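Please work from the sequences and hints to get the whole structure.
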Amino acid sequence: MSILSSNLARNTLSLMAAGTLVLISIMLFSFWLANATRDSVKLVETGRDVRIAASMILTDLIDAETGQRGYLLTGRDEYLQPYEATKAHLTESLSLLRSRARETPEISRDAKKIDELAAAKMQELTRTIEIYRSGNRDEAISLVQTDQGKKAMDEVRVVLDRIIKVMNQRVGDNLGHLETSARRLSWVTTIGGLSIGVFSALAFYFVASYTRSLVEARHEVQSLNETLEERVADRTTALSRANDEIQRFAYIVSHDLRAPLVNIMGFTSELEVGTSSLKSYFDAEEPTQDQTEAAKRTAEQDIPEALHFIRASTSKMDGLIGAILKLSREGRRELKRERVDLHAVMTQAASTLQHQVDSAGATIEIPDDLPSVVADRLALEQIFGNILDNAVKYLAQDRPGRITVTGEEAGGRVRIKIADNGRGIDEKDMERVFELFRRAGSQNRPGEGVGLAHVRALARRLGGDVTVTSKLGEGSTFEVDLPKKTRMKDTSAET
Amino acid sequence: MPDTTKADHVTIVMIEDDEGHARLIERNIRRAGVTNEIIPFADGTTALEYLLGPDGTGVNNARRALLVLLDLNLPDTTGVAILEKLKSNQHLKRSPVVILTTTDDEREIQRCYDLGANVYITKPVNYEGFANAIRQFGMFVSVMQVPTTD
Numbered sequence: 005m006s007i008l009s010s011n012l013a014r015n016t017l018s019l020m021a022a023g024t025l026v027l028i029s030i031m032l033f034s035f036w037l038a039n040a041t042r043d044s045v046k047l048v049e050t051g052r053d054v055r056i057a058a059s060m061i062l063t064d065l066i067d068a069e070t071g072q073r074g075y076l077l078t079g080r081d082e083y084l085q086p087y088e089a090t091k092a093h094l095t096e097s098l099s100l101l102r103s104r105a106r107e108t109p110e111i112s113r114d115a116k117k118i119d120e121l122a123a124a125k126m127q128e129l130t131r132t133i134e135i136y137r138s139g140n141r142d143e144a145i146s147l148v149q150t151d152q153g154k155k156a157m158d159e160v161r162v163v164l165d166r167i168i169k170v171m172n173q174r175v176g177d178n179l180g181h182l183e184t185s186a187r188r189l190s191w192v193t194t195i196g197g198l199s200i201g202v203f204s205a206l207a208f209y210f211v212a213s214y215t216r217s218l219v220e221a222r223h224e225v226q227s228l229n230e231t232l233e234e235r236v237a238d239r240t241t242a243l244s245r246a247n248d249e250i251q252r253f254a255y256i257v258s259h260d261l262r263a264p265l266v267n268i269m270g271f272t273s274e275l276e277v278g279t280s281s282l283k284s285y286f287d288a289e290e291p292t293q294d295q296t297e298a299a300k301r302t303a304e305q306d307i308p309e310a311l312h313f314i315r316a317s318t319s320k321m322d323g324l325i326g327a328i329l330k331l332s333r334e335g336r337r338e339l340k341r342e343r344v345d346l347h348a349v350m351t352q353a354a355s356t357l358q359h360q361v362d363s364a365g366a367t368i369e370i371p372d373d374l375p376s377v378v379a380d381r382l383a384l385e386q387i388f389g390n391i392l393d394n395a396v397k398y399l400a401q402d403r404p405g406r407i408t409v410t411g412e413e414a415g416g417r418v419r420i421k422i423a424d425n426g427r428g429i430d431e432k433d434m435e436r437v438f439e440l441f442r443r444a445g446s447q448n449r450p451g452e453g454v455g456l457a458h459v460r461a462l463a464r465r466l467g468g469d470v471t472v473t474s475k476l477g478e479g480s481t482f483e484v485d486l487p488k489k490t491r492m493k494d495t496s497a498e499t
Numbered sequence: 014m015p016d017t018t019k020a021d022h023v024t025i026v027m028i029e030d031d032e033g034h035a036r037l038i039e040r041n042i043r044r045a046g047v048t049n050e051i052i053p054f055a056d057g058t059t060a061l062e063y064l065l066g067p068d069g070t071g072v073n074n075a076r077r078a079l080l081v082l083l084d085l086n087l088p089d090t091t092g093v094a095i096l097e098k099l100k101s102n103q104h105l106k107r108s109p110v111v112i113l114t115t116t117d118d119e120r121e122i123q124r125c126y127d128l129g130a131n132v133y134i135t136k137p138v139n140y141e142g143f144a145n146a147i148r149q150f151g152m153f154v155s156v157m158q159v160p161t162t163d
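Note that the protein sequences, when read in sequence, are chains A and B. Be aware that the first sequence starts at 5, since it is given in my numbering, and climbs by one per residue. Be aware that the second sequence starts at 14, since it is given in my numbering, and climbs by one per residue.
Please keep in mind that the hints were generated in silico from the structure rather than gathered at the bench. Here the structure is a predicted model, which means the values were calculated and not measured. Treat each hint with caution, since some may be false.
Unchecked claim - DSS-like cross-link-like pairs, simulated, lysine-lysine; straight-line CA separation at most 27 Å:
#: 1; chain 1: A; residue 1: K397; chain 2: A; residue 2: K475
#: 2; chain 1: A; residue 1: K421; chain 2: A; residue 2: K489
#: 3; chain 1: A; residue 1: K116; chain 2: A; residue 2: K155
#: 4; chain 1: A; residue 1: K116; chain 2: A; residue 2: K154
#: 5; chain 1: A; residue 1: K475; chain 2: B; residue 2: K98
#: 6; chain 1: B; residue 1: K106; chain 2: A; residue 2: K432
#: 7; chain 1: A; residue 1: K432; chain 2: A; residue 2: K421
#: 8; chain 1: A; residue 1: K475; chain 2: B; residue 2: K100
#: 9; chain 1: A; residue 1: K116; chain 2: A; residue 2: K46
#: 10; chain 1: A; residue 1: K91; chain 2: A; residue 2: K116
#: 11; chain 1: B; residue 1: K100; chain 2: A; residue 2: K432
#: 12; chain 1: A; residue 1: K330; chain 2: A; residue 2: K397
#: 13; chain 1: B; residue 1: K98; chain 2: A; residue 2: K432
#: 14; chain 1: A; residue 1: K320; chain 2: A; residue 2: K397
#: 15; chain 1: A; residue 1: K340; chain 2: A; residue 2: K330
To be verified - Which bits of chain B does chain A cover? Going by a derived footprint, with three or more residues having C-beta under 8 Å, they are:
#: 16; segment: 27-38
#: 17; segment: 55-61
#: 18; segment: 90-98
Claimed, not checked - Some, not all, of what chain A presents toward chain B, calculated at C-beta under 7 Å:
#: 19; residue: H259
#: 20; residue: R262
#: 21; residue: A263
#: 22; residue: L265
#: 23; residue: V266
#: 24; residue: N267
#: 25; residue: G270
#: 26; residue: S273
#: 27; residue: F313
#: 28; residue: R315
#: 29; residue: S317
#: 30; residue: R443
#: 31; residue: A444
#: 32; residue: G445
#: 33; residue: S446
#: 34; residue: Q447
Glycine is no exception: its CB is placed at the ideal position from the N, C-alpha and C atoms.
So this is what it looks like as structure tokens:
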């Protein structure tokens, strides 16, 4: 879950960072555009001022010239008035142009030139007027006729025109840039807005899916907790069952091994008693009737009997130890997993019992559709072989034997039932039949009391169990419950 | 008031699956000077058939003095089950039952007394002990009073 949450944190944080980046770039772009707009406005203002200054300079110069021409024609001072008025005004206009030209380097040369030209023009006008005043009218007129003044004026027009054109060009360009930037800004804003929307949607999606997976994880944890309790309970039951079995096994083994030991030691002592009775017979000079009889009994009965019991107990112990060893070997044998057809196993087991079945006039019914399992073949053969063998062995004498096998499969488990109409098992002995060296009912059939103990140990090792239901005198049903597929590591519950 | 019988008339019913044990017990009882009849059984089923009779009521043994010597570990059924049956039978419940077994499990001993066992003796593995125990038991039998069954 920590991976999930750190992913979420990373995702939402990067989305937030991206959103912030977009916002910052929109802001920077707007700021830059505002600056550019202010510059443009300033430029437009400069352009306007330059145009005003240019037209004023031109008007002033024309006015000054008009005044000069009128004075030269009439000789009357009132015609000089525009000329006089212009002189101050022109200086002002020129200074305006100069100041604006400082801000726009492209026109500074032309502005300087206008300065010079205007000064030259005014100088020419002043000179002609001065010459005229001194009474030398013709000289003044001839000075005008040199076209010096006209040339200066023409040049002023050309240069002013050029200045205005340059300014117009600049303002035009600038407005073009401004428009492009504005268009870009609107694009950036649109795209940025969209991206912020997308980022928010993504962040929402991440948070929502995180919340959903949190809820799912909580459900999972809950259900795991529930099954965990179940599993722990199952395991505890299995363990305490295994523990009980071990204790029971140890108890049985110690008791059953002790019993023949008592015999061996007991009859050994009896042999000693017999020996001393024989000794007293042989030692006596004249054995009494009693001594003779005792010696005879000892030699004929007691000693052979004692030897018989010692021998029998020894071989019994040997048998018990053999059975324990066999069980222990079986418990250690490595199980092999393979698909086993239970019908084949049953048929095989039944065929080995065919002779006994026939001689008892009994029948064994095995259906064709018994399920198959994945488990250890040998273990299954031993389990079903033992149960069928018991069923045949303990049939009731007073009725024809009938052994019926049925099988069913449900929920990953396979249940095989082997029902007989034999002599049955008393209710109090139903668990006992599965105990080592223990048998139930009348002991009229040979047996060691190992078979069913072995069957149960095997079934539990395969992850299953064997149980019995029975009614004394009516028959027994052994039920073998097995997993459809045995897990091979499941060998810890063996005893 | 039920009659009591002198030890001489007491019949000892011995339920012991191990033939060797049965033989050793009998010999040592005899060595103690006990001459009572001993009826041996090697398994619980036939012993119960004898004690409770074919009808399972125990009426066949009414008015007899019986002493039951019982081993707990029998091949076909448990001695405890036999003890339970005897002590819950109205005819046999007063007959003394002596448990003579290899089992020395504390809980098993308690359980037997709870169910009404009269004496619990553990068979020692060591034969001297075993023989001694049986002989003392034999002496005990020779002096005890056994009620007849109702």
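Here is what the structure says about each hint:
1. K397(A) with K475(A): Holds: K397(A) and K475(A) sit about 17 Å apart, inside 27 Å.
2. K421(A) with K489(A): 18 Å, holds
3. K116(A) with K155(A): 17 Å, holds
4. K116(A) with K154(A): 19 Å, holds
5. K475(A) with K98(B): Holds - the C-alpha atoms of K98(B) and K475(A) are around 19 Å apart, at most 27 Å.
6. K106(B) with K432(A): Since the Cα atoms of K106(B) and K432(A) sit roughly 21 Å apart, the hinted pair holds (cutoff 27 Å).
7. K432(A) with K421(A): 21 Å, holds
8. K475(A) with K100(B): 25 Å, holds
9. K116(A) with K46(A): Distance ~22 Å between K116(A) and K46(A) Cα, so the pair holds.
10. K91(A) with K116(A): 18 Å, holds
11. K100(B) with K432(A): Holds, at about 17 Å.
12. K330(A) with K397(A): 22 Å, holds
13. K98(B) with K432(A): 12 Å, holds
14. K320(A) with K397(A): Within the cut-off at roughly 22 Å; holds.
15. K340(A) with K330(A): Given pair K340(A), K330(A) holds - Cα atoms ~18 Å apart, limit 27 Å.
16. 27-38: holds (count 6)
17. 55-61: holds (count 4)
18. 90-98: holds (count 3)
19. H259: 5 Å, holds
20. R262: For R262(A), the interface hint holds, since the closest Cβ of chain B sits about 5 Å away, which is under 7 Å.
21. A263: 5 Å, holds
22. L265: Nearest chain B Cβ about 6 Å off; hint holds.
23. V266: 6 Å, holds
24. N267: 3 Å, holds
25. G270: 4 Å, holds
26. S273: 5 Å, holds
27. F313: 4 Å, holds
28. R315: Where the cut-off is 7 Å and the nearest Cβ of chain B is about 11 Å from R315(A), the hint is violated.
29. S317: At about 6 Å, which falls below the 7 Å cut-off, the nearest Cβ of chain B leaves the hint on S317(A) intact, so it holds.
30. R443: Check passed: Cβ of R443(A) comes within 5 Å of chain B, closer than 7 Å.
31. A444: 6 Å, holds
32. G445: 6 Å, holds
33. S446: For S446(A), the interface hint holds, since the closest Cβ of chain B sits about 5 Å away, which is under 7 Å.
34. Q447: 5 Å, holds
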